[in-house]
Amino acid sequence: DQVGAEFTPDRGGSYYVDLVDREGFSDTRPVTYALRLLSDPAPQVRVAFAGAGEMLVPGAVLELTGQVEDNLALRAVDLITQVRRSAEAGETSEAKVRVESMPGVDDHPQRLTLKRALALTPLQLAASDLLTLKVVAADFQNQSPTFASTQSTNKGQPGVGESQGRTFRIVTQEELLSE
2 DQVGAEFTPD
12 RGGSYYVDLV
22 DREGFSDTRP
32 VTYALRLLSD
42 PAPQVRVAFA
52 GAGEMLVPGA
62 VLELTGQVED
72 NLALRAVDLI
82 TQVRRSAEAG
92 ETSEAKVRVE
102 SMPGVDDHPQ
112 RLTLKRALAL
122 TPLQLAASDL
132 LTLKVVAADF
142 QNQSPTFAST
152 QSTNKGQPGV
162 GESQGRTFRI
172 VTQEELLSE
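According to this note's numbering, the sequence shown is numbered sequentially starting from 2.
One should not assume that every hint holds.
Here are the computed lysine-lysine pairs in the DSS-like style, where the Cα-Cα straight-line distance is at most 27 Å [said to hold, decoys possible]:
1) Lys97 x Lys135
2) Lys97 x Lys116
3) Lys135 x Lys116
Pair by pair, the computed Cβ-Cβ distance ranges are [what the hints assert, rightly or not]:
4) Pro110 x Arg37: 16 to 26 Å
5) Ala96 x Glu7: 38 to 48 Å
6) Arg112 x Gln3: 34 to 44 Å
7) Glu175 x Leu131: 15 to 25 Å
8) Glu24 x Gln45: 21 to 31 Å
No wet-lab data here; the hints were simulated from the structure.
Nothing here was measured: the structure is a model prediction, and the numbers come from that model.
Note that CB positions come from ideal geometry on N, CA and C, so glycine has one too.
Full structure from sequences and hints, please.
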């Protein structure tokens, strides 16, 4: 017969397993295991949008660059795109959020370099819309499959780190040139 069990310690220390068989016999000198728990801080996320000011035209292409690091391993890295339509466009001001998995985390690296051209045309942006972008990363301390999309901020959530959100105002070509 085989027996299995799981044990998740909440602190470090010495532990042993006391096994008793069906006849009541047990090991009089069980093996003791010393466990030391390591801290697991959230991933660090740094991103930049080269050459981008606070205003963009709807057809712009943004160059996203950055670094995501974790002390053990990255489980997921997502780009969060939030579009708040202008009241002039006849829509509510409720933001539409899109979550896109970033490539390169299948091997669960400790460090991931981000470099991506982000075309805005598929977002169908209009003048006066607001576009907010951020990158969110999770390590294996957080197992939620929807860690990024379920909250406006993930700060304080175990195993989740995020970049500073960057908000851009969408303008016409004429507005951009007049600034």
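Here is how each hint holds up against the structure:
Annotation: proposed proximity of Lys97 to Lys135 holds, straight-line Cα distance about 14 Å (limit 27 Å). With a C-alpha separation of about 24 Å, the suggested pair Lys97 and Lys116 falls inside the 27 Å cut-off, and the hint holds. Between the alpha carbons of Lys135 and Lys116 the distance comes to roughly 14 Å, so the proposed pair stays at or under 27 Å and holds. The supplied range of 16 to 26 Å is met by Pro110 and Arg37, whose beta-carbon atoms lie about 25 Å from each other.
Ala96 and Glu7 have their C-beta atoms about 40 Å apart, which keeps the hinted 38 to 48 Å range intact. Evaluation of the 34 to 44 Å hint for Arg112 and Gln3 yields a pass: the beta carbon distance comes to about 40 Å. For Glu175 paired with Leu131, a C-beta distance near 19 Å keeps the hint of 15 to 25 Å intact. Here the CB-CB span from Glu24 to Gln45 is close to 55 Å, at odds with the stated 21 to 31 Å.
Going through the hint list in order, the structure does not satisfy hint 8, though it satisfies all others.
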